[in-house]
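**Student:** Residue numbers (UniProt numbering), protein chains in the order written: chain A, 1 to 309; chain B, 1 to 102; chain C, 1 to 238; chain D, 1 to 548.
Hints are not guaranteed to be accurate.
[Claimed, not checked] Quick list of in silico lysine-lysine cross-link-like pairs, DSS-like style, CA-CA up to 27 Å:
no.	chain 1	residue 1	chain 2	residue 2
1	B	K11	D	K495
2	C	K155	D	K268
3	D	K421	D	K391
4	A	K193	C	K192
5	D	K274	D	K70
6	D	K421	C	K160
Hints in this document: simulated from the structure, not taken from any laboratory.
Computed from a prediction, not measured in an experiment: that's the story for all the values here.
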Amino acid sequence: MAGDRAASIDPDALSWYEATARQRVTALVDPGSFREFLGPTERRMSPHLPLFDLPRAFDDGIVIGRADIAGTPVLLAAQEGRFMGGAFGEVHGGKLVGLLRAALDLKPRAVLILFDTGGVRLQEANAGETAIAEAMRAIVDVRAAGIPVVGLIGGRAGCYGGGGLIAGTCSRLAVSEGGRISVSGPEVIETNKGAEEFDSRDRALVWRTMGGKHRRLTGGADAFCADTVAAFRQAAVALIDRAPAFDLAGLEAEQARLAARIARFGDCRDATEVWARLGVNDPATVPGMDTAAFEAIVARVGEADHDAR
Amino acid sequence: MESLTFRHTTKTPLPGTQPSAVTGVVASGNLEVLLERVLPPDACEVAIDTPIAGYGDVWAAVVADFVARAQPGGIRISINDGGARPDTVSLRLLQGARLMEA
Amino acid sequence: MTLAEILLGLFPDGHAVAVRDGLVTGSGPFGDGRIHVVGVDGDAPLGIEGALTLSRAVLDAVRAGDVAPILVAVDSDSQRMSRRDELLGLNEYLAHLAKALLLADRSGHPTIGLIYGHSAAGAFIATALATRVLAALPGANPSVMDLPSVARVTKLPLEKLQDMATSTPVFAPGLDNMVATGAVHVVLDPGKPLPGQIGALIAGMQPGDVRDRLGEERGGRPVARAVAAAVADQARLG
Amino acid sequence: MTEWRGERQARDARIAAGRIHAAGKIVPATAAVDLLEAILRPGDRVCLEGDNQKQADCLARALSACDPEKIHDLHMVQSGIVLPEHLDVFETGIARRLDYSYSGPQGARIARMLYGGQIELGAVHTYLELFARYFVDLTPNVALIAGVSADRDGNLYTGPNTEDTPTVVEATAFKNGVVVAQVNEIVETVPRVDIPGDRIDFVVKADRPFYVEPLFTRDPAAMTETQILIAMMAIKGIYAEYGIRRLNHGIGFGTAAIELLLPTYGEKLGLKGKIATHWALNPHPTLIPAIESGWVKQVHCFGSEVGMDRYIRERPDIFFTGADGSLRSNRAFCQTAGLYACDMFIGATLQIDLMGHSSTITQSRVAGFGGAPNMGSDPHGRRHPTDAWMKAGREGQIVGDPALMRGRKLVVQLVETFGDKLVPTFVETLDALELARKIGLELAPVMIYADDVTHIVTEEGIANLLLCRDADEREQAIRGVAGYTEVGRGRDRAKVEALRARGVIRRPEDLGIEPLDADRALLAAKSIKDLVHWSGGLYEPPARFRNW
């Protein structure tokens, strides 16, 4: 019926992709439960950006703190993808690392990382790169202490560069269709290897290769969310409860999982070939599917769910 | 980078008890506004860091109109500008004031 | 120094370290026991297969249970930039390698990085930066991005960047700057025997991650440690 | 004895010369240069079909590859200067004189070439003007056109982008001219006959499909709160106020935002069925939610839009389609519809001066006019009344007998006070005047003249220029919505407040609109993907607009 869909548009349904880091945090956790660490009033800003004549942000593009989610205490960090592409600078990285280390003391039920990053902030590249290494070490320590670290990915900057590596270190990942996870970005590949290797303007190709649906189908992410904060909240709660341990058995399983992926899909040129081999009947229709239809496909794909992280 | 500071006297304090609020994001054409209830109730100060020099007159006019309209007494406002247009600045200031009144 | 010179210096009595397609795996005698060697040689890019080969070697070492040290020797390009690597989830492969090294460290294997050539970006993070101590040899050239590329992205003149690089180690490529930020713990003396220097590093290993403290002391990362500490303080106060 | 058939004989000679390179009417792409050299004569008037969207690009490449010794001094008469080849021919001397209408992407180069004297400019026209002159004093000797397919008799299927083709062919074929069509494929039977074969002399099988630019796709993801606020004011302060049912929209983000607010904000205001029902408009993807929500009764199109074909096929009650099911567009008819049958044109511009003259010209670009001056003008030949038209007429009538009053078309400029990089929209003097002086144009390239503009809408408010009674009031009304631009800051505050008291200027609060409510949550679609969902998967956006 013409007209009936207009009535169903809910203006309160906050899009994860569109929301700022602060909006995501506020809407993700139990109302009123968020306590920020090093909030904007403390003005812990980058000491380096002024050298480049660039504006700074009061929180250096990352919001961190503690909150309750479904009644259980968590620590969380949210990157602001619109400030400097959510990239890791010195303060930004130091805040994430500090939060992860604090988790060892505080022993929250979980740590949530709301990724939205292009990787390392070039103006502070060495500090950013080192902070990423520190964050990965800290995540491993937190996981080994039995605290799940769950990544949520669906922002406009995606999860690129070192952010992709940090994500790969987490216990669990939830991703939406708009979320992208990758190390080299499309533009970087195109600049270095040419448009024949990767046409970065072919956005359908970009999302097919790095987007949320592909990552979910191939087991690169553990949950697929509609683009709403509510969906991410639901996924986060569920993933916390089924986070794998960090131990030799887990990494042996991951080794086997990743080896099997190369053996099975190593000769595929395009994601649609991968999906076909995963048993998806009409792979060309996957990008156009809505969440429910896509979830039904995922349920039939064995590779999608595993504890091998 | 250019730094600007404007000081105004207001007729009334900004209602509400919220001690601080932040709105907006530092991005191209956008800005971040931090509001703190730290000044005497009839004072308002707005400090701006902007990468685009030479628009002091426009900032002065935008801030003056905002102060006249919102009467943000007691509030110190700090702005990290990413090259926002004046209408965006006005909007963020009003959004910030509304958050403080909550 | 070349990898061959390093291996000769480390293992004057011979070793079982092989290099294939730029991937280094194997072990050699060290002190009373052995030391495992993994790494990337010849400025090779690190892709999904390479990462998996190295993580296999590291996990094998952990499974062996000998708590022998693991040396991660690196002269690499950045991660391999290709559509195929990203299609297959390069981030998972690189993170897996890093996790394997971090697991080894937690399992009692001292992990030592040794950068003797180039390394950059994801390859650097997944290898040398995933060790407990990272040593470098003079002439090593770790970088995130070279200055001309930084100039292109930041739209700043190259001369200005070169000038800034002399006073601001936080963004400029090169070994000195990575030392200043604390990522590289120490620069070895190629004139002295390597086994002693590596042995000393192992003996002097400290718990926890000391890199931000080093960066603060050396001035290359002036605020990171204090920021992390302030977070911990506020978290405790709750 | 008077010669009555000279043109006809010349045409026969051209056709005979061309036949050498053809099998029947069919010419391979490899022989296109030979064909053109055979049928063209120095000094010919040539229409090389360059529409707003569809481009006869294969023939453009062939023309630019002709030998300037053989083919030179052509007089190009075409609506769009879009491809580099369109200007290359002036550099080599193949062409010398130009009469055109629109030059979007080539605007900077055309300015340089005009300045350098490489182009002898007749005039920059509106579409309807140029089409009109095809039948009076700019009739082409040769037309080089584009279509999707043709059969061996030359029957031509243009595809959904019919655009200018019927007009160009009408003027050429019926006045002793030669018509050459490039097609993507030669078929046994065309899906429908857009141009009968006896008007087509040669059919060139192109080496690749003709180029179409997705000019009318606006990504909702890029819409700002300011644009949404302006759209809310326009809907409440103009659409609802005048009861605008028949209209044309420009291609900017502001009007796209209006399209996306109809099913949400418009619905809330209870305006469905009362406004925005009949359109002269390209098939904007952002109109899909309004169509799907039952707001839109019908749409006639100038051209088409990339990715909209399947959607249009499934909505024949809304769009004009052929027996084959695909869209039939027609620029000349749709421009006429926009001029005479619409009660409002609403669109954006780059500069507005103190009187309300507007221009999209900057000092280094000659973008041309296209159709906006036709839509954006009050047609004095109109004689049918509507409520909207009559209300505007009453507001604008200052003197005279009410019984002899006529209506007014609403011509609305929808602008943000600052454009990209903080460039002010409101200026003391249009750049167009300086440009005209620099390159010696007799007529300054003004897009919409002040006396045609009825309203200006900015984020600061709506200025109703119909209600201004003298030049000073008009100036203050414009300054009064010009925000923090120098023009805006130069206002007389007392006069502006007086105008506001009279309703000449209306602020958001005067309209009952809270600026802080201007939120992206109001958009019926926030992304291209949302538009695809609204269309039930029928809209197929080009790859560059996708993020899935």
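**Student:** Run every hint past the structure and note whether it holds.
**Tutor:** Hint check:
1. A C-alpha spacing of about 26 Å is found between K11 (chain B) and K495 (chain D), which places the hinted pair at or below 27 Å, so the restraint holds.
2. A threshold of 27 Å between alpha carbons decides the hint, and for K155 (chain C) with K268 (chain D) the separation of about 47 Å lies outside it, so the pair is violated.
3. Taking the CA atoms of K421 (chain D) and K391 (chain D), the gap is about 38 Å. The hint is violated against a cut of 27 Å.
4. The hinted pair formed by K193 (chain A) and K192 (chain C) fails the criterion: a straight-line CA distance of about 41 Å is larger than 27 Å.
5. Distance restraint check for K274 (chain D) and K70 (chain D): the Cα-Cα separation of roughly 60 Å exceeds the 27 Å cut-off, and the hinted pair is therefore not satisfied.
6. With a C-alpha separation of about 25 Å, the suggested pair K421 (chain D) and K160 (chain C) falls inside the 27 Å cut-off, and the hint holds.
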